[in-house]
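Q: Below are the chains, spelled out letter by letter.
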Amino acid sequence: MASVKQLQCPNCGSSLSQYNPTSQTIVCKSCHSYIAVGMGEPSVLTQGGKLDIGLPAKPVKVGQIGIFSEVKCIVLGRVEYEGWDSEDRWRWTEWLLGAQDGRMFWLSYDKEDGFVLFHKTRIKGQFNPLSDRAIPVGDKLMAAVRERYPAKIRGAEGELTWQAKAGDQLRMVEAALGGKHYSMQVATDEIELYEGVPLDEHKVAEAFGDKKWAAKAKANQGRQFIMSYAGMFALAFAVFSLILAAAFWSSGDSMLKQTVTLDSATPAVVIPLDLQTVNRPVRISTKLEGSIPVNTYAEVDVSVTDPTDTDTDIFTNEFWYETGSDSDGPWSEKDYSGGGKFVPTTKGVHQIEVALGEKSASVGSVKVTIEVYRNYVETIWFLIYGGLNAVIGLVLMAMAHPRQAGDLLSAIFDD
Amino acid sequence: MMRAVVLVVVLLLLVSGLLGSFYLGYRGIGVTHAGPSVRQGSLGGISFYGGGPSSGK
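So the protein sequences, as listed, match chains D and V. For the record, in the first sequence the residue sitting at position 98 is 98 according to the working numbering, with numbers rising by one throughout. In short: position in the second sequence from 1, add 1000, done, that's the working numbering.
No lab work stands behind these hints, which were simulated from the structure alone. Please note that a few of the clues may not be correct.
Claimed, not checked - Example chain D residues on the side facing chain V (calculated, C-beta under 8 Å, incomplete): (1) 53; (2) 162; (3) 234; (4) 270; (5) 308; (6) 379; (7) 382.
Owing to the predicted nature of the structure, the values given are computational and were not obtained by experimental measurement. Virtual Cβ for every residue (Gly too), placed ideally from N, Cα, C.
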């Protein structure tokens, strides 16, 4: 594509090629000065220094030709931006594309949204960029604002359609509606709105005729697709396993219910239990009937003796009743229920011993209801499986869609 | 095609994980076993059942 004007850098004297007649800034390739062009003679906006913007995040070069929807475009310039909020800083790149028919486009890339092709549009109503929650973008169409943040130009190369230099600050307002992105740039003297459509990276690579990049991007997209769906599946299974854990939490068939009174005269009671199914968990629940004196506790030990006379401690429950007072006033808390599980390995009559613990003398006597359930399903494995799946699912989603995963995490943790 | 195969494998892994969790819970793996550990089998004198009883109470 032929340049429309040949100029000379007022700082170093190098020649400057201007391709777009409406450009207002050209960055000198030799001295990296920001040169104001347009009306009158070129003048230095910022004197040259070291070009500090580095290579672009993706292999799109100034001067490269691309074909987007059969429209031939030349990459006229590149701007590197940095945005920030109270917690984070992030960067993105925008390339200015000049179409053969005179239209201008901005190709934007950041890690979260990928590529978006923007064109300038008009704001279709009143909008306060500092406070309004939606941008009027059409007849009764309002794009919901999703982010508002300050940003600065880190650096640029090539041509720009406004007078700009490294370090210039602006405010960004980002909105979305119906799959379209809206980006508003608010500078001290003007507001510009751009409407954009997301582009797959491999399509951008194909538009620039870079087959190697296109193949790599396509493979990446395939991986992203798999990670995204695998992540969703993992999260769905995590939820399902947690539902199963809740469903099995109090599972089992009740086979015995008995209330026993324990005191210093009768510190232990033995309950026979005929178990004909082995290697299936048995759940025992305990509940203290009545009450114990304030600020005391009672320990109840439950053990089982199997038909081979092997004793096994199953669990110890501590029932307690505490009162006190703090800055919110008097409080009272108690725990009168508990339980445990065991797996019988021998068929036959098992002796369940319920005994008052050694440290329970101060409570006098306690009345405890024991209920035994057979064919229980232990839920800890569902919880472990669900927890692992939730972590794996979130990691996969974060790798596939950082913004969505971020939104999901903030929805979970910010509430 | 490749994507579908990978996702089917992922689904199979997830389903088998869920069934595995159910099996472990159904058999009470990780729960205290009441009875002589020798019944669970041993290998070279080393019990390979982890949830042995506390005997000699």
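Q: Each hint: holds or not?
A: Hints, verified against the model:
1. 53: violated (37 Å)
2. 162: Violated - the Cβ of residue 162(D) stays beyond 8 Å from chain V, reaching only about 43 Å at its closest.
3. 234: holds (7 Å)
4. 270: This interface hint is violated because 13 Å lies over the 8 Å limit.
5. 308: Result: holds, 6 Å to nearest chain V Cβ.
6. 379: Since chain V brings a Cβ to about 6 Å from residue 379(D), closer than 8 Å, the hint holds.
7. 382: holds (5 Å)
Comparing the model with each earlier hint shows violations of hints 1, 2, 4; every other hint is respected.
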